[in-house]
Amino acid sequence: MTDITLSPENSLRHGESLFRVRQLQDNVEARPAPSRIAEPTRLNPLPSKAYFFWLMAPAIILLACISIYPFFWMIYMSLHEVDIGSATWNNFENFTKLFTDTRYLKGWALLFQYSLMCLALQIGIGVFLAVVLNGARFEKVLVTALLMPMMMAPIVAGLVWYFLYNGTFGWYHWLFQSLGLLDAKSILASPNTAMLGIVLVDVWQWTPLITLITLAGLKRVPQDQLEANMVDGASPLRNFFSVTLPNLYPVLLIAVMLRFMDNFRFIDSALVLTGGGPGNATKILPIYLFEVSFKFFKLGRGAAIALTLLVVTIILGMILVKVFDRQQTRKT
Amino acid sequence: MASRDVVQYETPLTRGFRWFSGVFIALYLVWTLLPILVMFVSSFKDLLEAFKIPAVGDWSGIGVFFDFTPTLKHYRDLFVNLDFSRYMANSLVAAGGSAVISVILGSMAAYSLSRIDFRGKSDLFFWIISTRMAPVVAVMVPLYAIFRSIDLVGTLPGLILAYTTFNLPFAIWILKGFFDNVPYAIEEAQMVDGATRFQAFVAILPLVAPGVGAFIVLCILFAWNDFLFAAIIGSGGAKTLPVATRELVQPQNIQWGSIMAAGVVTTLPMMLLGLVIRRYLVTGLTMGAVKE
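Listed in order, the protein sequences are those of chains Y and C.
Per my numbering, the very first residue in the first sequence carries number 40; after that it's consecutive.
Per my numbering, the very first residue in the second sequence carries number 9; after that it's consecutive.
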């Protein structure tokens, strides 16, 4: 193979064809842009827009009913004291109270702490795992085994880990104790370690996603560039940091944003593991919101909290879509 | 393949790294598969056997884990005494229903969005995708209030509708990518042959069928694994497997054997489905941003 690509006549032919493609492209650009009116040969022009709008309508209307309509309801509720069957205006009290609600403010801090801990561990472990798995002997089988935790319902994952963490018969508790990492108290029972306890479950379940994304990115790293560097005497480590990693940034950015938003979206496993406790040590904002709305049924207050959570998520989403778009344009 | 001609010399450093990465992979595999193994094995254990554990620091006692006589009594318990077959049917109907609705309506919308351009299209698109990204608890507060006022709380249609809030935008977003890859010329040719516009749309469906099939499965997976919507919107009449599993945890008496068996019942079908659609998994879980 190498003989062919390196022989001079081949590279010449390669150059020629490149040149021809260039010319063709120039010709295309030189032609005037085709306009639809001036094209009588087209028997079936694109159907009218109305047709497509009708085709789109059912989905859009349904989505509006279950997303825009509730959104206005949420705004309405957030401005009222909501009881069963009644709502009374209360002068933005739901919002003004939030500023002095320490559990609300702490909920934000804990949510970011939780997300950042999850991300740091997931990116660190996930990327390293992808690098060592890439091209390994049983790559396909190993990757399939890695997928398994992601298919598990988060609530079931939480329950299984709750069992493993248990202070009297949990295997992980036994392991931590045997390694001298913990005393008799379960990891979830102490305010200092409970956060780590729920982070580990998220790391267990979603690190494979980072690994899969990174593996997909690694397949697109230009090999010739790596080789050229190696010929010039660059060490594998140097190659990784100056060629591989910069090529991974775009996919990693997507992975980070997706995981970040999922940490805002899902609280299933944290809910069964600690339910926000001990004390309020793991009461991340969505759990606090869940309690306010569905344990104490203060739906007005809950709506106000939900609104703030939603706004932050939408801002994150805007950034994500920007990143998506840049990815798309780069590909084409 | 071409990298063969660059000779990589084995230095102690690279050999050490290779050795280290082998150990790392092995450790990671154990860490990732162990909870699943514990779940499966414990579901076949009698309660006392499940609680057997060696003394702290007694590493040779690990064998205790495999020291048990397998029993199916927890599974029997679930399906005979606890009505799990009904919860399973609920899960299936709720997840399947929302997946089918989402993919049918979603493919029509995605097709249209892929074929025309109009002002505000990107705004419409952002709105669609933002409904998918919204935190579940935040969406649920107003949805619960609305559903309560029209008596949809605790019913399967209510749950199907709730799942559609995240499955429909997902289907539109992903399927648009599929239709973008089908050239308009194919429909044109169909219409030249006398097909109506809608027939032309139906005619290109087989081209996207594998993808559509995979995303029906993914929609089912997302809905099946959901807990929060099912716990609040489906509470009472439409109990699904995750909720029923959670309810086995009672303050006084945690039925670990039944919980593990219920976990297996909930998880196993999704693991198998995940293997079936393995090829589309990364695309699906990254909302189409990353392709393998």
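I should point out that these hints are in silico values taken from the structure, not numbers from a laboratory.
The structure displayed is predicted, hence computed values, not measured ones.
Beta carbons are placed, not taken as given, at the ideal position from N, Cα and C, and that holds for glycine.
Heads up, some of the hints might be wrong.
What the hints assert, rightly or not - Heads up, simulated PhoX-like pairs for lysine-lysine below, C-alpha to C-alpha not over 25 Å straight-line: (1) Y:LYS88 x C:LYS60; (2) Y:LYS258 x C:LYS60; (3) C:LYS60 x Y:LYS224; (4) Y:LYS136 x Y:LYS337.
To be verified - Estimated spans, in silico, between C-beta atoms of each pair: (5) C:ASP188 x Y:VAL351: 48 to 58 Å; (6) Y:SER281 x C:VAL72: 42 to 52 Å; (7) Y:PHE335 x C:THR163: 44 to 54 Å; (8) Y:LYS361 x C:TYR192: 26 to 36 Å.
Unchecked claim - Far from chain Y, some chain C residues (derived; all Cβ distances over 12 Å): (9) SER29; (10) ILE33; (11) PRO43; (12) THR79; (13) TYR83; (14) ARG84; (15) PHE87; (16) SER93; (17) ARG94; (18) ASP125; (19) ALA170; (20) ILE224; (21) ASP234; (22) GLN260; (23) GLY282; (24) GLY296.
Verification of the supplied hints:
| no. | hint | result |
| --- | --- | --- |
| 1 | Y:LYS88 x C:LYS60 | 68 Å, violated |
| 2 | Y:LYS258 x C:LYS60 | 46 Å, violated |
| 3 | C:LYS60 x Y:LYS224 | 18 Å, holds |
| 4 | Y:LYS136 x Y:LYS337 | 13 Å, holds |
| 5 | C:ASP188 x Y:VAL351: 48 to 58 Å | 31 Å, violated |
| 6 | Y:SER281 x C:VAL72: 42 to 52 Å | 50 Å, holds |
| 7 | Y:PHE335 x C:THR163: 44 to 54 Å | 25 Å, violated |
| 8 | Y:LYS361 x C:TYR192: 26 to 36 Å | 28 Å, holds |
| 9 | SER29 | 4 Å, violated |
| 10 | ILE33 | 6 Å, violated |
| 11 | PRO43 | 5 Å, violated |
| 12 | THR79 | 18 Å, holds |
| 13 | TYR83 | 15 Å, holds |
| 14 | ARG84 | 20 Å, holds |
| 15 | PHE87 | 17 Å, holds |
| 16 | SER93 | 18 Å, holds |
| 17 | ARG94 | 18 Å, holds |
| 18 | ASP125 | 9 Å, violated |
| 19 | ALA170 | 8 Å, violated |
| 20 | ILE224 | 15 Å, holds |
| 21 | ASP234 | 8 Å, violated |
| 22 | GLN260 | 16 Å, holds |
| 23 | GLY282 | 4 Å, violated |
| 24 | GLY296 | 8 Å, violated |
Consistency note: the structure conflicts with the earlier hints numbered 1, 2, 5, 7, 9, 10, 11, 18, 19, 21, 23, 24.
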